[in-house]
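2 protein chains.
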Amino acid sequence: METWSGQRAPLTGNEVRRLDAYWRAANYLTAGQIYLLDNPLLRRALVPSDIKPRLLGHWGTGPGLNLIYVHLNRAIVRRDLDMIFVTGPGHGGPAIVANTWLEGTYSECYPEVSRDGTGMARLFRQFSFPGGIPSHVAAEIPGSIHEGGELGYSLMHAYGAAFDNPDLVVACVIGDGEAETGPLAGSWLSNVFLNPVRDGAVLPILHLNGYKIANPTVLDRIPPEDLLAMLHGFGYQPYVVDGVDRDHPATGDDSFRVHQELAGVLDRALDDIAAAQRHARESGRADRPRWPMIVLRTPKGWTGPQQVSGQQVEGTFHAHQVPLAGVRGNPAHLAELERWLRGYRPEELFDADGSPVAELTALSPTGARRMSANPTTNGGLLLRDLALPDFREYAVPVPEPGATVVGATWTLGGWIRDVITANPDRFRLFAPDEVASNRLDAAFEVTDRAFVGALRPNDDHLSPTGRVMEVLSEHLCQGWLEGYLLTGRHGIFTSYEAFIHIVDSMFNQHAKWLKVSRQIPWRRPIASLNYLLSSHVWQQDHNGFSHQDPGFIDHVMNKKAEIVRVYLPPDANTLLVTMDHCLRSRHYVNVVVAGKHPSPCWLTMDEAVRHCRDGLGTWHWAGSPGPDEPDVVLACAGDVPTLETLAAADLLRRHLPTLRVRVVNVVDLTRLQPDTEHPHGLPDPDFDRVFTCDKPVIFAYHGYPWLIHRLTYRRSNHQNLHVRGYLEEGTTTTPFDMLMLNNLDRFHLVIDVIDRVPGLADHAGQELRQAMVDARRACREHTRRYGEDSPLVTEWRWLGTSPD
Amino acid sequence: METWSGQRAPLTGNEVRRLDAYWRAANYLTAGQIYLLDNPLLRRALVPSDIKPRLLGHWGTGPGLNLIYVHLNRAIVRRDLDMIFVTGPGHGGPAIVANTWLEGTYSECYPEVSRDGTGMARLFRQFSFPGGIPSHVAAEIPGSIHEGGELGYSLMHAYGAAFDNPDLVVACVIGDGEAETGPLAGSWLSNVFLNPVRDGAVLPILHLNGYKIANPTVLDRIPPEDLLAMLHGFGYQPYVVDGVDRDHPATGDDSFRVHQELAGVLDRALDDIAAAQRHARESGRADRPRWPMIVLRTPKGWTGPQQVSGQQVEGTFHAHQVPLAGVRGNPAHLAELERWLRGYRPEELFDADGSPVAELTALSPTGARRMSANPTTNGGLLLRDLALPDFREYAVPVPEPGATVVGATWTLGGWIRDVITANPDRFRLFAPDEVASNRLDAAFEVTDRAFVGALRPNDDHLSPTGRVMEVLSEHLCQGWLEGYLLTGRHGIFTSYEAFIHIVDSMFNQHAKWLKVSRQIPWRRPIASLNYLLSSHVWQQDHNGFSHQDPGFIDHVMNKKAEIVRVYLPPDANTLLVTMDHCLRSRHYVNVVVAGKHPSPCWLTMDEAVRHCRDGLGTWHWAGSPGPDEPDVVLACAGDVPTLETLAAADLLRRHLPTLRVRVVNVVDLTRLQPDTEHPHGLPDPDFDRVFTCDKPVIFAYHGYPWLIHRLTYRRSNHQNLHVRGYLEEGTTTTPFDMLMLNNLDRFHLVIDVIDRVPGLADHAGQELRQAMVDARRACREHTRRYGEDSPLVTEWRWLGTSPD
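From first to last, the protein sequence lines stand for chains A and B. Under this note's numbering, the first sequence has 660 at position 660, and the numbering climbs by one with no breaks. Under this note's numbering, the second sequence has 535 at position 535, and the numbering climbs by one with no breaks.
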């Protein structure tokens, strides 16, 4: 257990007093936000109407956050640090707001909340107040890249911010509640992926506050030597500051032990970081240093009420939210609140105008060195467009539809390779060990997988300088990428489709961040979060049922239309066009689903550009010739459904030549929605022109069929829409067998047409129907017998022979 | 680093040779499943047609799993252990299948796959073959409680199985790939919740296989002393067996070092477990012992091909899947495969019939001691119904609708308390520190929160014997509960509604397990997984936007109808009826959403029982009197929408008395689906009777409105259905303001009626419409000014005064 103890006191008595005054000011402002509707400076005695009618917020974590913040400020000023602050205990919103106001940034962003008594009144009133600001560290707070409502992601955001930011130090406070979550527990070893030569530093500060809502925290209760062994095992050098050591008072005398100790370990930690970086950069050797971190133990709700109604509050879970309730109606509580607030001696901290006194403001950094004003935390300010190679040069030649067979992601890989080359400082590819599996391995022609650990002879493209981030954790991929994007860079997250559900909730929070930050004038748009989902539901013959779930699209479509985009490019060229578009877009979540197996290409690059621009359209070459109204529309979205639809259309054209078939492909799923629901939505008249108002539409869709109904239920022709998709029937079997299990195969689509188009009950229709039934049976039997797909379906076109 | 080294060799030479023969047999059977379509015993030279046309499966992890399995068998026999096996590296399906076949269990479950040459041929053929068995450790495999497709959950499943199973030892193999995931990283400290007196033991076996798909693993590459420090910090005593130590050959000579070492550390670990349990049980003191664990390092794909085409395979990531590809068409690979397989000397392992020789079968445990036949792994076999107190005795008296105001979950808490008391050995409540927050704290009248760590004076109901499992990790709550249910017990997971998305993907996998296991004759139904979601989207005025997401229901509804049930009880009595039903149900996932805040009760207990039995129904007392056909249907699902709907109906009845209003409440959401889609679906004629065929339906729904359209799009009256719900508009504000932000408030529902019912364009209708617009504005202004909801809406009935 290494602490600062035993070293020379780093602070003079005067410094301690000034730091402590700043801390008191921040604590006062924190409590004030939770309680006060009026009388912000306590220039008169508190009366009930000064108190908010609904007391909302969390006090418990605030004092610890404020303590850390003021000490970091000291270090920034002393060392001229480029530092940002990630607040894991997100309930500490009022603490961070307090600090941004003290630094002046809050008033710069929100001029009506000026840094004086008038502004302070507004600051207090607006917190957790209708029409005001939310109670967590959120997008509204300058200096934040991290919403603290859902716990678990602080440390991964911190690492994401540090990548490719060599001069940045990311101070990341991790609550001991958050530390119990899986995602946080899995984040510590992110240091295996941080290169001390090219990346910045992360300084984790584990705040042992001791309690959660109603429980103690695990890390506060395991033996301290175990905790330190664990952190050491993660590769860190933990420095401990113990603010609850009962034998050594933390405060209350001139020595202010905790201030001295925290200043000391912070100096030492920052020295360690500087030394590690200097060593790595001078030697050019990117070994993994033993990075420092801090363990800070302080009482929950420190400096708040000791006891309330005989119940110990400070240092217990009772301090989690609002330690004094019913203040408006309880004169004793009101008096206690006033005692508490006056204990910070606001008259020493704020001048006659209510502005912080000069002694305080002199302590904080200035300009962009303020953590609340560091441009890195408003990533859009720093965002530089990617240098994008012309995707047309990667086009697959398509002399006729279906004539070229190639893997879509494999084709895209060449373009991504060159994106990586052209943007060596601001683009990374993130994946849970699936870049090669998703056939994007062209990337490894120019770069490696980032890995700052022991290398061995048989490793494949592994080095500390790699720009591909592979770790077996969807959470880390998502969290790193979010941190990277929020600080002004670009990236793609490629994953197996099924397992992207692992980050459903992280996506939620990022989408909410994007929605809210769009409405904040001073926040600049950031690069979109791009998901490239491959190894999708129809390509899991290797892995089976557990790997088959196309529902992420459904999940995404519940979020705000102005934020989400979903693309299902049907082939390689449309995938190129789509990804180019996604990497140029801003402030969206783009979901792109594309296959990795060799599969026919349908469109030339020119056609692909037009098709993607339109988002959906009729493929005239695939349907019946001539301009007539169709008898049936075969619609499709997704590469595999498109193949089956085209095969079905081919069958119909050959065997029922008088049937007029129209083939419609949808690449941008949101085009299906009304234009009143989504900015990409197709206006009703256009929709009706494509899908008709009264003809049967057989829609072959990549995912759960209900989504298509959900998107189109208000369209004129909805009652004629019949959707085939994934019915949650899966196992380890052949690709075509999977389609048959879910009635999405070409033969079943033909059957659907025959069953739904009036007039096909005649001999020709019924004969073809029976042939389709027989073909399905023959395919099933062939597969069961030989373990592979029947030759009947190895070409996309019908071979013209009888199935038996 | 403590290893067996230095102790007396635990095995005789004969024992080593027999263990090794068993290992060879398991390895042979593992490889055989991946490759062989015929010639299973190699009684003749391999020819191309003996090889499967599609080579699917994962070899790399198999030999390590087989090694562990045979050594555990030795320990079970020696100690008469009650032990089960959790296979974290789930791709190791063929290895576990091989062992279950060797033990005879596989043939008992699947008689056609007999334990002889004929059965072996079937065993090989069916693996990853259409119509056969999946490639992962899945429900189809006897002895499994864990599907290994999605990584991260093995250790939490193991702990869940161990709770309340004092004599059980759960051996849990954790792959070093899986160990990188957040959920697994967060599982290690589950030992803080395991009581050595009443619970069984978990023996984690960290298998350092070294590689994932294409990458090395992090835990294999950090310094070994860091790894041990980390595991020690987690509270374990790690014992190491190093099978890749180049200075000390692991195999190949008579000493078989790895067999000796593994047997030695396994003996020691099991001795440690026995000693810890004896100590705790004799002393009655449930301190947290330093539980043993094993770190086993072996080469990936051990005993497989060393090199293929000059490329090192054994001990590298190239051994992950199928080390020899294209065997059918490549004579060199075919010869190499034959050399490899013959290297196991199958002629020594299987007799003339192809059955394992007696020397092998003598090694494995018998009957229920076989890990593959342990009844704990087929939990339905052991399932005993809960003793359930009569929920009617907890009824809230409802003299008239709305007259009683009480929190629904608070009422339920009393019943749950008594469920806990009545079932001290088979029911637990799981929550991410939210039992008290969700107002279920009556539970603490009879039990505590389980915690096996240091206790302090201000702790609230914390003890090692507690039956409430609280940890700040939704992953752990879900994983522990799954393990608990799969081994034949019961439970409830209560969570904030928004954050249940954290386990979306775990829910997926559990739902898939339930679906598949329903179709397996020898698997018995288990208790349902019950989610009680509270602190829901409409109750997050404290926390704001990050805590507002009702989309879990949408996610759940994508899974198989025979598995999922969703309930939205509108008040306390219906919640009691619903939870009683859920705890009696089997093999479902039940999602129940219910509020925690005091809210009006609508139904007496008798009415609640009838309403829940019907799943939905007309509330005649709330609508216009008389049997006439209505002019409009006000439908609702969810407690808050129900309140608003009833208030809207009250407004309409008072102000437009000639309008015939029908109020319909939906408690079982799946009733909305057609009966062809869901077993609970309402037949069309019944649906039409309730919702009419042609009248406007204004549906106030708890969640995202599109779900209601998705469920009803085929109903006759769908075109007249107008749904209000959560539009992803939220922040920290008052409850009623949240409703207004999303147009779900009573005033807006009245406006919707006026706008959609023909004939309300008259004076009275328009006057009321304007009053509603004014009321909304007045409420908004009051809230913005005073920070609380307007008195206009603090009673559910309209107060009859003008809003201004």
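Read the hints as simulated data drawn from the structure, not as lab findings. Incorrect hints may appear among the rest.
Same chains, same label: a pair holds when it works inside one copy or across any pair of copies.
In silico DMTMM-like cross-links for lysine to aspartate or glutamate, where the CA-CA straight-line distance does not exceed 20 Å [stated by the list, open to error]:
id: 1; residue 1: K515; residue 2: E729
id: 2; residue 1: K560; residue 2: E729
id: 3; residue 1: K515; residue 2: E562
id: 4; residue 1: K515; residue 2: D688
id: 5; residue 1: K695; residue 2: E729
>> When the structure is checked against the list of hints, which entries are broken? Sort them ascending.
In response: Of the numbered hints given earlier, those the structure breaks are 4, 5, listed in rising order.
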